[in-house]
Every structure is written in C-alpha cells, then in structure tokens.
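Sequence lines, in order, name chains A and R.
Going by the working numbering, the first sequence wraps up at 132, each residue one higher than the last.
Going by the working numbering, the second sequence wraps up at 285, each residue one higher than the last.
Check the hints yourself; a few may be wrong.
To be verified - Now the stretches of chain R that chain A is said to cover, found in silico as 3 or more residues with beta-carbon under 8 Å:
(1) 23-36
(2) 63-77
(3) 156-166
(4) 191-203
(5) 218-230
(6) 267-281
Stated by the list, open to error - Simulated restraints, written as ranges between beta carbons of each label pair:
(7) R:Pro137 to A:Glu105: 44 to 54 Å
(8) A:Asp5 to R:Met282: 36 to 46 Å
(9) R:Pro137 to A:Arg8: 41 to 51 Å
(10) R:Trp279 to A:Ala31: 37 to 47 Å
(11) R:Phe124 to A:Gly74: 28 to 38 Å
To be verified - Just a few of them, taken from the derived set where beta-carbon distance is under 7 Å, the chain R residues facing chain A:
(12) Phe84
(13) Val140
(14) Gly215
(15) Ser261
Hints listed in this document are in silico derivations from the structure and should not be mistaken for laboratory results.
Quick reminder that beta carbons are idealized off the backbone N, C-alpha and C, glycines included.
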Amino acid sequence: MNDTDRTRKVEILISMILRIGVLTSLAVVMAGLVISFIHHPDYLRSRQDLPQVTAPGRTSPHDLHDVVEGIRQGRGEAVTMLGLLLLIATPVVRVAVSIFAFVYERDPLFVVITTFVLAMLVVSFFLGSVEG
Amino acid sequence: MTQLHQTVLQFVLTTFAISVAAGLLGALLGLGGGIIVVPALTLGLGLDIRYAIGASVVSVIATSSGAAAAYVREHMTNLRVGMFLEVATTIGAITGAFLAGRVAGRWLFVIFGLMMGYSALEMFRNRHSDEGGPVPPDRVADRLKLHGSYYDQVLHRQIDYRVTHTWIGLGLMYVAGCVSGLLGIGSGALKVPAMDLAMRLPIKVSTATSNFMIGVTAAASAGVYFARGDILSLVAGPVAAGVLIGASAGSLLLGRLTSRSIRIAFVVVLLWVSGQMLWKGMRGS
C-alpha cells in the first residue's frame, strides 16, 4: 500500500471519529432536553420558571459524580450534561487517535508533534481543575 | 433582566434557532460562533454573561467537530498544517490562562482589536488573489510535508497549493492561543488570517483548517468552565444541538461558494469583532 492510500485511510478514520462524536452527543443532548420537558410540564406554559432556571448562581451537575448520580435518577439535566461532556471529549479523542494514525503512516515526527499536543491538553485540564 | 419573560420552551427554541445560524456561519468562516451566541444570549435574551460564555465554549467545540467531520473527509482541511499548528495554539492557550489576571485586559483588547482590523484590511486588499499561486520557498514546510491540494467545486478543478512562512504562522498561532486563553474570544478570527496572509493557504483551506483546530483549543478550557458550573444544561444543550446541525449544513455549502465571497464575508465579520474589541478596550470594562 502506498503513502497516499494510508493518508486517505487516516483522513477517513478521523472524519469518522468526529462524526460519531457529533451524532452521539447530539442524540444524548436532545434526549436530555426532551426528558427535562417531560418532567417539568410547566416549562411549556409558565413564564415563572425561566428566571429561576437561569438565575445567577444556579448550576447544572458540574462534576462527574453528580452527572452519573443525576442520570441514575433519570434527570434530564444530567443526561444533557453527559451529551455535552461527550462533545467536549470528541476533539481530545481525535488528537489521541491521531497519534496512532501517524504511527500507521510511519511518520515519527508527527507522532511526536501530536503526542505533545495531547500532553498540553492534559496539562491544561490539570491547570484548569486547580484553578476551577 | 427584563427579557426573560418567556417560557422555558420558548427560550430553548429561540436559543436553538440562533445557534443554527451561528453554526452555519462558523463552519463557513472557520470561527467558533461565540461572536453570535454571546451577544444574542446576553443582550437579546437577558442571560447572565457567565452562562453565555460557558455556552459559547460548547459552541466552538460543536462548530469544530460538526464542520471538520465533513472537511477532513473532503480533503479541504490540511490535517498536517492543523496538527502542527496545534502545538503553538495549545502552548499559547496555557500561557494565556496563566497570564489572565496578571495583565491589564483593557490594553490587550485595544492591541488585538487593532491587529484584527489590520488583518481585515490586508485580507480585503487580497480579495482577488488567485488560489495556489507561486509562494516563496520554505524548507520547514517541505520538511514537514505541509503542501497540499483540494478540489474546488466552483472552479471544477484540483488546486495544488504550497505552504510558506511556517515559522511566522507558528508564532501567530501562539499569539492566537494566548488571546483565546486570556480573553476567551477570537480563536478563529486570528487563526484564519494567519494561515491566509502569512502561510498563503487558499481561503477555503484556511477556514476548514481553522475549524479543525478551534475544537482542541476550546476543549482545553472547557474543563474549567464545566468544573466552575458555567455550563447550564438548558442553555448549552440547545446551543450544542443547534450549532451541530448548523455547522453540518454549513460544511456542505463551503465548497460551492467562491473564494472571493468567503474572503469578503470574513473581512466583514473580522471588522465587527475588531470593533467590538476596541469598544471594550476604550470603555475600559
């Protein structure tokens, strides 16, 4: 197999990862929103709810434990958040898989470059969790 | 805020519709859509800025993944250029996050506002430039095998292009990363001109490659916003859904538009962003 074929395969793989990430997160986010509306029928009629659900200081589940717990209880807000987390994870997974793709393309320089980018992402996550 | 006189359903549907438009524009111009989502949610719908920014980070990732899925497959994205430049944007983003709070944001808004204004004028001057014309040779680009080609649906032919000034591009990407880390905006608005003006990539390749890259920069900061509780399901949920759908639709359009119209649309948006930044800087908020 020549280099162009390998490159083409890598492009299709990366495109597929992005598409899977997009479709899965879209489906989960939508499901979560629908569940929220089923559990709170007044969201459809009342004008009192919106200022409450978007009041400063209000939060959706914002650590992994709360998200999992919320999904167990069947809460729409937690399901939507899972979808959003899947969306956030998609570019990270894309970078990680690219490392193997460049190994397959026999391109050591780009293996190093992509590994470095993943390392920087991990560093920024840690820096972020210290700050946040 | 007085504008929140809606039912939750109306709010979710309005946010969704705005986000479809933001995703569409973002996919075509290589931007994250924050320039539409943030003002629409805060000024239009009266939402707290904190939640609007949380949603805009989600919007950047959604535009990026939604559009890049198609652009990578169509060979419009230059994967090697994108991944190489991500080295600089991620270091830049970390530098920016580190500097945040240590430097006066006010002057940064003025400096980057002027920088974007200058880029807009330069891009306007180059609006007629041919894609794939001769460029100065660059050994780094040769060594990294950055040159590429794409099929232009308007011209009905394959366009081969060569990449140049790789180091300058890398430096500008570091600056772009710093700006998004520091100010939380302008991730794509600086990436596209850097690739278009310095590295001389065709405009469609520049926007497609910018789209590919912005998701990684945003993902790096998304963890912070999530942990802080800035991402609200009922706001970021419809934003994500709308932007994903808008960006996927937009990615089908890019190929059919002429390079000139994309350049001009980008210039208009860039002037708008630059004006917003200068305004913020002058007002001193």
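So, against the hints stated earlier in the document, which numbers end up violated here? The structure breaks hints 1, 3, 4, 6, 7, 8, 9, 11, 13, 15; every other hint is satisfied.
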